[in-house]
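Read off the chains here:
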Amino acid sequence: MALAKRIIPCLDVDKGRVVKGVQFLDIRDAGDPVEIAKKYNQQGADEITFLDITASHEARDTTIHTVEAIASEVFIPLTVGGGIRTVADIRNMLNAGADKVSINSAAVFNPDFVQQAADKFGSQCIVVAIDAKKVSGPNEAARWEIFTHGGRKPTGIDAVAWGVKMVELGAGEILLTSMDNDGVKQGFDLGVTRAISDAVSVPVIASGGVGNLQHLVDGVERGGADAVLAASIFHFGEYTVPQAKQYMAERGIEVRL
Amino acid sequence: MSSTQVAIIDYGMGNLHSVASAVRHVAPEADVIVTSDSQAIAQADRVIFPGVGAIRDCVAEIKSRGFDEAVAREIASGKPVLAICVGLQALMQNSEENGGIECLSAFEGEVRGFASTPGFSLARDEGSHSSERLKVPHMGWNQVQQKQAHPLWHSIDDEGRFYFVHSYYVQTPQSDLVVGQSHYGHDFVAAIAQKNVFAAQFHPEKSHTNGLQLLKNFAAWDGKF
Chain A
1 MALAKRIIPC LDVDKGRVVK GVQFLDIRDA GDPVEIAKKY NQQGADEITF
51 LDITASHEAR DTTIHTVEAI ASEVFIPLTV GGGIRTVADI RNMLNAGADK
101 VSINSAAVFN PDFVQQAADK FGSQCIVVAI DAKKVSGPNE AARWEIFTHG
151 GRKPTGIDAV AWGVKMVELG AGEILLTSMD NDGVKQGFDL GVTRAISDAV
201 SVPVIASGGV GNLQHLVDGV ERGGADAVLA ASIFHFGEYT VPQAKQYMAE
251 RGIEVRL
Chain B
1 MSSTQVAIID YGMGNLHSVA SAVRHVAPEA DVIVTSDSQA IAQADRVIFP
51 GVGAIRDCVA EIKSRGFDEA VAREIASGKP VLAICVGLQA LMQNSEENGG
101 IECLSAFEGE VRGFASTPGF SLARDEGSHS SERLKVPHMG WNQVQQKQAH
151 PLWHSIDDEG RFYFVHSYYV QTPQSDLVVG QSHYGHDFVA AIAQKNVFAA
201 QFHPEKSHTN GLQLLKNFAA WDGKF
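In the order they appear, the protein sequences are chains A and B.
Mapping of the first sequence onto the numbering used here: residues 1 to 257, in sequence order.
Mapping of the second sequence onto the numbering used here: residues 1 to 225, in sequence order.
Hints listed in this document are in silico derivations from the structure and should not be mistaken for laboratory results.
Please read all numbers here as calculations on a predicted model, not as lab measurements.
Ideal Cβ positions, reconstructed from N, Cα and C, are used throughout, including at glycine.
Some hints could be false.
Beta-carbon label-pair distances, calculated as ranges [what the hints assert, rightly or not]:
id	chain 1	residue 1	chain 2	residue 2	range
1	B	S175	A	A249	45 to 55 Å
2	A	E238	B	P118	42 to 52 Å
3	B	D157	A	Q42	12 to 22 Å
4	A	A199	B	S105	31 to 41 Å
5	B	R65	A	A199	33 to 43 Å
6	B	P173	A	F109	42 to 52 Å
7	B	D158	A	V184	50 to 60 Å
Derived pair list, reagent style DSBU-like, types lysine-lysine, alpha-carbon separation capped at 35 Å [unchecked claim]:
id	chain 1	residue 1	chain 2	residue 2
8	A	K120	B	K79
9	B	K195	A	K39
10	B	K63	A	K120
11	A	K39	A	K120
12	A	K39	B	K147
13	A	K153	A	K120
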């Protein structure tokens, strides 16, 4: 008996529709979030992550209603991220039915917010999202930095040290996205995934770059990820969740079948 | 069967929406209420005692609202009671979380941290075939071995998977209480049961088919074991 590695379909939601961009640009419509969440639930997804990429104030009510609609029909864990900046934002999302919230930019601008959030709601529901980009040259030791604003703004913060700090402040899980790889379907950045997974005591979700099922296996085996997140391979029907699990199981990875 | 009223005890510790909607989903005829009214809890046919977050805050809220007495009363009443996650932990004698917390002592046993177990960080499970350490919280889908037959396991496969998220686990010297066991670095208690009480470390409301089946079984259970 052992804990299964998790497969997490991700819904990037803009103004109430699931979309998927390439390297955070070039948006492509993939449908209604509630219907898509229900489909993944039926397929045996282990969790669902919902990222509100509009995250403007006008969009908050839409997001809350969508989260409520998903939570009343989907009985697996639901993580909601995008625009989570205050304790009130967290409370609203948890009350709407989210099990965890993902804090991204707000952690960079105000790291103490992570601590406040964990103290208030418990580490088990606080995910810190890290958007990392490789900044080292080809002949240097590998190094990654935190970027904000959809990958446009460098912060000068070392991604591995940042992950360690976030866990010290109370993050219960790290959602690690490689900005170089996101949407380009060449696989996770295994270097940063392994570096952060080895450095922190909490589970790490690998994200950004899945184009085929071997990429999921690599994320677990070579990246050391506890969970793998993917969007477009599932949204556009290239693979189903059961196919992904079967493929991983055949390669000796513990999954929930 | 006539309709049943299920009271979910609300002691101010967050999201009870998912427990309520999962019970409504599997038992549409049931009247499901989320309440902090001790009288309403006393009048309900069945009671769910949930819990999330830190044990210190949970136990403090439970005691300040007088729910320690309400919970003891409901357990003694013989009506079906389901405790979930920190709800289970709160029923033990004490927890080492938050520097040591006295709990409600409904059952003999204590709550210990995975991270404080000697050698835990070096432990490896057969499922993780690479060399990474086991992470805390224990988060995700693990198998539950049914140590004893119980009405709440009806139609659920032995070693079926349920969703867990916790950093602390229950240990009890009374092995006859243990109806479910899981493994993460070492064996730990996934569920205990005695008479009309069933208490689970996992979250049935988040455990898809197996969890919904367990809640359905609870909604139909006569409280006998």
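Each hint tested on the structure:
{"no.": "1", "hint": "S175(B) to A249(A): 45 to 55 Å", "verdict": "33 Å, violated"}
{"no.": "2", "hint": "E238(A) to P118(B): 42 to 52 Å", "verdict": "46 Å, holds"}
{"no.": "3", "hint": "D157(B) to Q42(A): 12 to 22 Å", "verdict": "19 Å, holds"}
{"no.": "4", "hint": "A199(A) to S105(B): 31 to 41 Å", "verdict": "40 Å, holds"}
{"no.": "5", "hint": "R65(B) to A199(A): 33 to 43 Å", "verdict": "41 Å, holds"}
{"no.": "6", "hint": "P173(B) to F109(A): 42 to 52 Å", "verdict": "49 Å, holds"}
{"no.": "7", "hint": "D158(B) to V184(A): 50 to 60 Å", "verdict": "44 Å, violated"}
{"no.": "8", "hint": "K120(A) to K79(B)", "verdict": "33 Å, holds"}
{"no.": "9", "hint": "K195(B) to K39(A)", "verdict": "39 Å, violated"}
{"no.": "10", "hint": "K63(B) to K120(A)", "verdict": "18 Å, holds"}
{"no.": "11", "hint": "K39(A) to K120(A)", "verdict": "33 Å, holds"}
{"no.": "12", "hint": "K39(A) to K147(B)", "verdict": "34 Å, holds"}
{"no.": "13", "hint": "K153(A) to K120(A)", "verdict": "30 Å, holds"}
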